[in-house]
Structures are given as C-alpha cells and as structure tokens.
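Asker: Each chain is listed here by its residues.
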Amino acid sequence: MTIPDVAAGPSIKELQVGQTLPVVVKHPTTRQLVMYAGASGDFYEIHYDTAFAQKAGLEGVIVHGLLKVAWLGQLVSSWAGPNSMVRTLEASYRGTDVPASDYRLNGTITSVEHKGEGSALIGLDVWGESADGTRTTLGNASVEVWE
Amino acid sequence: MTGPVVTMTVEAGAIRRFAEAIGDPNPLYFDEEYARQTKWGGVVAPPTFLCTLLAPLPLPPVEFGTMGLNGGNKFECFRPVRPGDVIAAQARLAEVRAVAGRSGGMLITEREIRYTNQAGDVVATCRLTGIQR
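The listed protein sequences derive, respectively, from chains A and G.
118 is the number that our numbering gives to position 122 of the first sequence; each next residue is one higher, with no gaps.
Just so we're on the same page, our numbering is the position in the second sequence counted from 1, plus 868.
No lab work stands behind these hints: they were computed from the structure.
Heads up, the beta-carbon is just placed ideally off N, CA and C, and yes, glycines get one too.
Since no wrong hints were added, every one of them can be taken at face value.
Derived pair list, reagent style BS3-like, types lysine-lysine, alpha-carbon separation capped at 27 Å:
hint, chain 1, residue 1, chain 2, residue 2
1, A, Lys9, A, Lys111
2, G, Lys942, A, Lys111
3, G, Lys907, A, Lys9
4, G, Lys942, G, Lys907
5, G, Lys907, A, Lys111
Covered stretches of chain G (in silico footprint by chain A; criterion: 3 or more residues with CB under 8 Å from a CB of chain A, positions within the stretch not fixed):
hint, segment
6, 885 to 892
7, 900 to 908
8, 911 to 922
9, 933 to 939
Model the full assembly from the supplied sequences, consistent with the hints where possible.
Answerer: Take a look at the structure:
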C-alpha cells in the first residue's frame, strides 16, 4: 500500500505565535456531500436534493457545516502530525457554501504553551473561505503536540 | 433536559468511510501498520468523527421559519477514539433563545452531546447550535 505523504509534525521548539499553517484547498462535489451524508448519518435533504433546497429558500444544495468543521480538523491534524491530538475545535458558520467551488482552509498560531512530558498546547485561529474570499466559517482550535 | 443514552461500537470501516467522506488521506485513520508506529499505537478516529453518533433530544416540534441550519459546532476531545470502543452518547438541551436576525427572527437551540467510552471516561463533547429561520 502506498502511504500518503503526511507531515511528521512541527518541531515544538520552533513554534511561534503568528505562524501560519499550510493552506488546505478543498473542491467539494455533490458526490462528496452524498458521501458525507452516508458516513455521518446526516440525511437532511438541503445537502443533496436541489428541489428541496430551493423550496427551503436556498439557491441549491449546500455543504454541511459539520463537513466544513471536519476540514478544519484536517487542516490542524495534518499539520500537527500523527503524534498530536486536537483538543478543541470550534466553528461558527457565517455563510453557506456550494459544491463545485474551491474552499480554502487557513490557520494561524495564537498561543504556544509548553507543558511537561515534552508536549506543547498550541492555540489557533482557523477559518474557511469561499472562492470569492468570503470567510464563511470562523473558528478556533487547540492541538496538543508531543515531541 | 436530557435525551436517552444511545450506544455505538466504533468500527474500523466506519472510521475509514468517514475519513474518505471528508477527503482526509491521513493513514492514521485506516492504516494499522502505520498507526502502530505513532504515539497512539493504532488507528484512531478523526477529531469530529463522534458527531456520527447523533444522540436524540426529544424536543416538542416548533413551527418556526422555513428551514433549519447548523449555526456552529464545538468539539472538545479528551481521549482518542479507537475501533472497538463502545461509546455511549447523551444529549442535553443547553439553551433555547429567540433572536432578531438580519432577515427576520431566528430560533436558536444549543445542544450538547457527551460521549463516554466503555471504561466510563468522557472521551469528547460536542456542542451543536441549531438555527431555525
């Protein structure tokens, strides 16, 4: 099996407030929304039934909020590496997003707290933005990283 | 107010399908051989995986607006979630409030789900902010 290239994780001694995480770009499709509905058990029709979504007042189907926060979790955990644990992850959905449009996930370090046992608790501002640059998901996270 | 306790045995296949659905290729979520070499010593679930276990909250139906939206979520993770774990979930109604939004009134419902494993440890909590408008 080919193992995807996953970062080993940051060196916790070099972490600094203000540092940015590598941007993760998603290109959601209606297929992905159906996959997420099936994997999560969230079968609310506004995520896969265009007629239903339009009747509810939307332009079309929209991306699950919980899928967007899962992407923020991926942004943080893929950067932090396998010897880490996302401790908190909070997202507020300020706008809807549609499939077939790029979605960019960003993060900035806001705090670094060195703990005993060779770990650090890293605070982050995280957000997701639509293709037009609107920040439709605002959030914060903390991740514990072990040396 | 709290809902009933619901339980789920975490399956490796469910973790893998969740990771595939969110498009996360991290082998920590499906490759046992890779995961054994990490701090966790085996496959674990992605941070938001437990939201797949929806603990019901029997609220009286409220006729309000034309749609329900997810306004926000907050996850707190205390312990890793592994295949074979038996997770019990229970939802609690934290808050209900009516607010004036840009496009009319909104009804906000805050639910919190607490997840406990077979050892009795709280592994995670998830807060869900529902918006009816």
